[in-house]
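J.: These protein sequence lines map, in sequence, to chains Y and H. Each step along the first sequence adds one to the number in my numbering, with nothing skipped, and position 83 is 83. Each step along the second sequence adds one to the number in my numbering, with nothing skipped, and position 102 is 102.
Please keep in mind that the hints were generated in silico from the structure rather than gathered at the bench. These numbers come from a predicted model, not from an experiment. Among the clues, some could well be false.
Repeated chains share a single entry, so a pair holds when one copy, or any two copies, can fit it.
To be verified - List of simulated lysine-lysine pairs, DSS-like, C-alpha gap at most 30 Å:
| # | residue 1 | residue 2 |
| --- | --- | --- |
| 1 | Lys141 | Lys211 |
| 2 | Lys205 | Lys26 |
| 3 | Lys141 | Lys175 |
| 4 | Lys26 | Lys81 |
| 5 | Lys194 | Lys62 |
| 6 | Lys99 | Lys141 |
| 7 | Lys205 | Lys66 |
| 8 | Lys141 | Lys81 |
| 9 | Lys101 | Lys175 |
| 10 | Lys99 | Lys175 |
| 11 | Lys26 | Lys211 |
| 12 | Lys99 | Lys26 |
| 13 | Lys194 | Lys175 |
| 14 | Lys202 | Lys175 |
| 15 | Lys223 | Lys202 |
Number of protein chains: 2
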Amino acid sequence: MKSGNTIHVEVHFTPTSAGEESLTGKNVIVIDVLRSASSILVALTNGAREIIPVGDMESAYKVFSKLTREVTLRCGERNGKMIEGFDLGNSPLSYTEEKVKGKSIVMLTTNGTAAIVKARYANNLVVASFLNLTSVVNLIKSWQSDVTIVCSGQDNRFSLEDTICAGKIVAELTKDNDAFSLDDGARAAVTLDKSFGGNILKMMKHSDHGKALVEIGFEEDLKFCSNIDSFNGVPVLANGVVRLNNEQQTPVLKRAS
Amino acid sequence: MKSGNTIHVEVHFTPTSAGEESLTGKNVIVIDVLRSASSILVALTNGAREIIPVGDMESAYKVFSKLTREVTLRCGERNGKMIEGFDLGNSPLSYTEEKVKGKSIVMLTTNGTAAIVKARYANNLVVASFLNLTSVVNLIKSWQSDVTIVCSGQDNRFSLEDTICAGKIVAELTKDNDAFSLDDGARAAVTLDKSFGGNILKMMKHSDHGKALVEIGFEEDLKFCSNIDSFNGVPVLANGVVRLNNEQQTPVLKRAS
Numbered sequence: 001m002k003s004g005n006t007i008h009v010e011v012h013f014t015p016t017s018a019g020e021e022s023l024t025g026k027n028v029i030v031i032d033v034l035r036s037a038s039s040i041l042v043a044l045t046n047g048a049r050e051i052i053p054v055g056d057m058e059s060a061y062k063v064f065s066k067l068t069r070e071v072t073l074r075c076g077e078r079n080g081k082m083i084e085g086f087d088l089g090n091s092p093l094s095y096t097e098e099k100v101k102g103k104s105i106v107m108l109t110t111n112g113t114a115a116i117v118k119a120r121y122a123n124n125l126v127v128a129s130f131l132n133l134t135s136v137v138n139l140i141k142s143w144q145s146d147v148t149i150v151c152s153g154q155d156n157r158f159s160l161e162d163t164i165c166a167g168k169i170v171a172e173l174t175k176d177n178d179a180f181s182l183d184d185g186a187r188a189a190v191t192l193d194k195s196f197g198g199n200i201l202k203m204m205k206h207s208d209h210g211k212a213l214v215e216i217g218f219e220e221d222l223k224f225c226s227n228i229d230s231f232n233g234v235p236v237l238a239n240g241v242v243r244l245n246n247e248q249q250t251p252v253l254k255r256a257s
Numbered sequence: 001m002k003s004g005n006t007i008h009v010e011v012h013f014t015p016t017s018a019g020e021e022s023l024t025g026k027n028v029i030v031i032d033v034l035r036s037a038s039s040i041l042v043a044l045t046n047g048a049r050e051i052i053p054v055g056d057m058e059s060a061y062k063v064f065s066k067l068t069r070e071v072t073l074r075c076g077e078r079n080g081k082m083i084e085g086f087d088l089g090n091s092p093l094s095y096t097e098e099k100v101k102g103k104s105i106v107m108l109t110t111n112g113t114a115a116i117v118k119a120r121y122a123n124n125l126v127v128a129s130f131l132n133l134t135s136v137v138n139l140i141k142s143w144q145s146d147v148t149i150v151c152s153g154q155d156n157r158f159s160l161e162d163t164i165c166a167g168k169i170v171a172e173l174t175k176d177n178d179a180f181s182l183d184d185g186a187r188a189a190v191t192l193d194k195s196f197g198g199n200i201l202k203m204m205k206h207s208d209h210g211k212a213l214v215e216i217g218f219e220e221d222l223k224f225c226s227n228i229d230s231f232n233g234v235p236v237l238a239n240g241v242v243r244l245n246n247e248q249q250t251p252v253l254k255r256a257s
């Protein structure tokens, strides 16, 4: 921890509550439990070369035009479903080694990748979910510096599952340590975790986003995304692409000639 | 309650999470505990003719130009302090009968009036704070219809005091009644009220916005704004102006000839 200084932790419940300029130069954790952050982690763990997050369809097509089709996957969702003409949707279960190994993945999702793009000028930008909770907390601890947690939410709205994930990170970070100051959002997230975070799958089955996903056939995704610490990689953004934190030195994206 | 139907209650923690179009035609409760909603209630109770909420400085000056100066008060704040050249700031204690009686009050505040303006196409728009909690709940109950609660927050960010006020409204509304369905925000607000809502003044003294107001000398405002049900009027918006709900039939704003 910063010697003698208080470390400030703030939690935004939606990306809209954090201005792009307020994230610039900060240590930012972007959470999108259902499902971008989970899918990104699975894809990278399964050998994807990199994730190129994009914030809107316009940007997606600009990036597509610069990449060799055979080493690229076009991935993402609108209203939870795979975008027409894309290769994969946003189900982490679809990001198998067979599909993703060695590929550059251009990813466009309603909440998660839009939040990552918004925070692209952060000093550190880490992508978090329940799947890599402890690894994310350990990385944050190593910074010994202020942290801004941005929940991706759902369509700019508060989502319980992202908030509970934020609450668990803050609780773990500040456990037995009074060197931290928390903003209203961080205090609320910790409190909500105490009430709702005991059974993550149950909480997600009753959350707005969870219910919507079950309705369109993705109940298995909820189960998969509720497994705390089932992975230990940490996706980080550098030079516009997301890779696991121990692989940042690998070459950047291969462009079409 | 609507016979046989479930009544849906949703809570937005900031105005940014609610699109203007998503509020159109809805029954909207705008909460701004510190301090617009409290000031509006005090001003109207003390005999102000009407409040004309504006969302930005540009709109404020447009409205000023249409009103006779001697019957108008220019009120509002930026960074918590009275705007230069205005007549009053945003402290409810400053809205005395002597100052406001018979006056049309043009009000510009960072969070509250901006939220009201955003929700101006609501079917019903009610302004709520701790001061008129029970009266607001009783009015909502009389509608027997879906409700959207919008917390004004602070600079587009989550604020604990508005959320606790929302939680108390939802808790009161749904008490001993299972005809309601709650979104993630409403469920979280109720839970946060249980944790933080026992001592409102203490909660506000530790909230981000509360601390900022104490720092610039407004601790008395916190005390005043924490008094649950010290008033029983309900400010409602109709035809662009806010009046107490039992006075909607009085004439609208007097324009300069």
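J.: So which of the earlier hints does this model not fit?
T.: 5, 6, 7, 8, 9, 10 and 12
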